Amino acid sequence: MEKRVTFGRWTIGILFAVPQLFLIFTFFYWPAGQAVYWSLTLQQPWGGGNIWVGLDNFRSILANADYWNSITASMIFAGISTGLAMVIALVLAALTDRQLAGSWLYRVVLIWPYGIAAPALALAFRFILAPEAGFMAVVNKFWPGLWDPGLDGADAMASIIIAFSWKYVGYNFIFFLAAFQAIPRSLIEAAAMDGSGVIRRFWDIQFPLITPTIFFLLVINITESFQDSFGIVDIMTAGGPANATNLMVYKIYSDGFKGLDYSGAAAQSIILMLLIVALTIVQFRFIERRVHYR
Amino acid sequence: MTIIKRGFAALAAGALSTALAVPAFAEPVKFDFWFGLSGDLARVVDTLCKNFNESQKDYEVVCTSQGNYDATLQNTIAAFRAGKQPTVVQVYDVGTATMMLSGAYKPADKLMEENGYKIDYSDYFPGIARYYATSKGEMLSFPFNSSTALMYWNKDAFAKIGKTEAPKTWEDVGADLKALKDAGYECPMAINISANESWQLMEQFSALHNQPVATKNNGYDGLDARLEVNKTKFVQYVTDLKKWYDAGLIKIKSKDLGQDMVQAFATGTCQVILTSVGDHGTVGRTQKEGMNWDVAELPVYAGTERKNSLVGGASLWVLSGKSDAEYKGAAAFLNFIHDPKTALFWSTNTGYIPVTKSGFDFMKSNGFYDKAPYKGREVAIESLTASEPTEITRGVRLGNFTQIRAEFGTQMQAIFANKVSVQEGLDTLVKNGDAILERFQQTYPGKTLP
Chain S
1 MEKRVTFGRW TIGILFAVPQ LFLIFTFFYW PAGQAVYWSL TLQQPWGGGN IWVGLDNFRS
61 ILANADYWNS ITASMIFAGI STGLAMVIAL VLAALTDRQL AGSWLYRVVL IWPYGIAAPA
121 LALAFRFILA PEAGFMAVVN KFWPGLWDPG LDGADAMASI IIAFSWKYVG YNFIFFLAAF
181 QAIPRSLIEA AAMDGSGVIR RFWDIQFPLI TPTIFFLLVI NITESFQDSF GIVDIMTAGG
241 PANATNLMVY KIYSDGFKGL DYSGAAAQSI ILMLLIVALT IVQFRFIERR VHYR
Chain B
1 MTIIKRGFAA LAAGALSTAL AVPAFAEPVK FDFWFGLSGD LARVVDTLCK NFNESQKDYE
61 VVCTSQGNYD ATLQNTIAAF RAGKQPTVVQ VYDVGTATMM LSGAYKPADK LMEENGYKID
121 YSDYFPGIAR YYATSKGEML SFPFNSSTAL MYWNKDAFAK IGKTEAPKTW EDVGADLKAL
181 KDAGYECPMA INISANESWQ LMEQFSALHN QPVATKNNGY DGLDARLEVN KTKFVQYVTD
241 LKKWYDAGLI KIKSKDLGQD MVQAFATGTC QVILTSVGDH GTVGRTQKEG MNWDVAELPV
301 YAGTERKNSL VGGASLWVLS GKSDAEYKGA AAFLNFIHDP KTALFWSTNT GYIPVTKSGF
361 DFMKSNGFYD KAPYKGREVA IESLTASEPT EITRGVRLGN FTQIRAEFGT QMQAIFANKV
421 SVQEGLDTLV KNGDAILERF QQTYPGKTLP
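Respectively, the protein sequence lines represent chains S and B.
Just so we're aligned: 111 in full-length UniProt numbering is position 111 of the first sequence, and the numbers increase by one with no gaps anywhere.
Just so we're aligned: 223 in full-length UniProt numbering is position 223 of the second sequence, and the numbers increase by one with no gaps anywhere.
One chain only, chain S, in its complex shape (with noise of 0.2 Å):
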């Protein structure tokens, strides 16, 4: 027999909901009802008016082909940048749990990434991949004009995936280790006793039982690239060369906010947030069902 708590009345378990609900309505709802308004009217910057469009601007955006280029651009952003920062993560993760000398020192210096803004340390990378003046200028030295982020659309486009990794390493760092640390010690022993090398114990232990934090991760990671990414693409490239680096976060800035164009950003903002629903739920439906929850 289950023992359940009830409330006598349901007015009451309302009025405990009440103010929960309210911050949900006023900082989520509302202000999101207030951009599928605007998308679908033309709004004039100043308040003057606005007039009722229907679906015209996601007309215009979708038949932009500068806003497919974005799509694509953020797509590969997303790709590249959450398959480094978790492989890497990974990979020191793995080896920081085997108490390798020095391994606390790590710990403690690799979490550190993630407490940097993203505009300081866009900052850094900025100089760090400065084709004249900063580290590659030694690369460009006995290679004449291999890296040149400031026409090459491919070049822009690593350096900003080299600036985000870097910041998510840390991030995704910390749940590695933590995934690692939780796995009972006399499993690894066990096999480690019964002959199984490094590789295998990783493969065939350690492996299976993180998959609920690799999955967790690669929801985040790939929600963060394409929401985080800004600070970094407005420092390094603002979107340049020619549009390579302009990824979907960025452009609804600049259309928005530098062309004032409040309308069409609203319809792109609507797009990404349905973009990134759906490719939540597709992680969810399809990469969840190898995950074995313990």
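Derived from the structure by calculation, the hints contain no laboratory data.
Just so you know, these numbers come straight off a predicted model, no measurement behind them.
Stretch-level coverage of chain B by chain S, calculated; a stretch enters the list once three of its residues show a Cβ under 8 Å from a Cβ in chain S:
{"no.": "1", "region": "75-84"}
{"no.": "2", "region": "92-103"}
{"no.": "3", "region": "396-405"}
{"no.": "4", "region": "409-422"}
{"no.": "5", "region": "435-444"}
For every residue, glycine included, the Cβ atom is placed at its ideal position computed from N, Cα and C.
For this one, chain S is given, so just place chain B on it according to the hints.
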């Protein structure tokens, strides 16, 4: 009882006398001024505000930097929508069309008239006044910080190739750059090709050659103006720039790459740059020891009848929805800025040029342009006043021009990266720019530019 009564009477009398005394020690009327300059320039604006506040007792201006021009406009719009707008705001040149259609301002000429200030609008340099005036010539805002583009050239480098004067035509520039390269200079000329350089490369070039940027007299005559830079002399200019870039005569310098073009010029790395007279001070302060350099008007193609160059910078707008007292203060503030003595202070401490003839004359009579650090800045005035402004060289008045400039940067980058040909790139610029203009026109149905 009577003591208490008397006490009350005394208190009342005291209160009355304080009440009567209030007007004599009246708090000055405070009003806000938002501006978009930062760093050194922001400190100069702060001093300007302090000078105004100390010059009289009735008003107090509170000056707040918003970081940059874009942010100033964005923040002002947000504040206006919330009913918390500043009284005076600095809006950059390309924001003029947006402001004119906003319905959120109080016309500057009316404001001055209502408050009893007589401003002689013909005293403004025509090239500056026309940029901000309506098509009928009314001044809706006050020109504030103004500049124009100049060519900076390294005299030492040019001496090596036997030249003592700056090239006057683009044909000469081509030959000189080649000679500089042959004389061993790695970077004869530096340019950048981001949105910002639309100003000197496209807008100034078009004005000097009396070529339109857009139809309808560059947008002054209607919101249905569309770009046409893909069929003017500008095409030849971009073709030449690209040719020189491919031949190694021009290098691209930007902050992202490690060194912007002003730094590249000041350190002697690059020998020619095209930039604002506003950088005159920066080059002077940061130049390599002993380097000889000068400024000249931007070159034109041979056989061109040179027209006036365009003003760049920002103007001061007074926003609607404020009290009469605040408007009085704003008028006094604008009058203060209009004063020739303020012009001298402003131009000495920044690289900006005076906006009125009387300001310019006052500075000249003070010997401002004779001395070393400021010598050369009069070239900017010569360039701005090279001719009476034509219908096309008044300026560029297009909606969402910031986005069109961004599109300029994008297409120039595509051209210089060999992704598209010069003509293809400029055609795309026109196509995408027209889409922006069309959208702007749709946003303001039935409205016309004043």
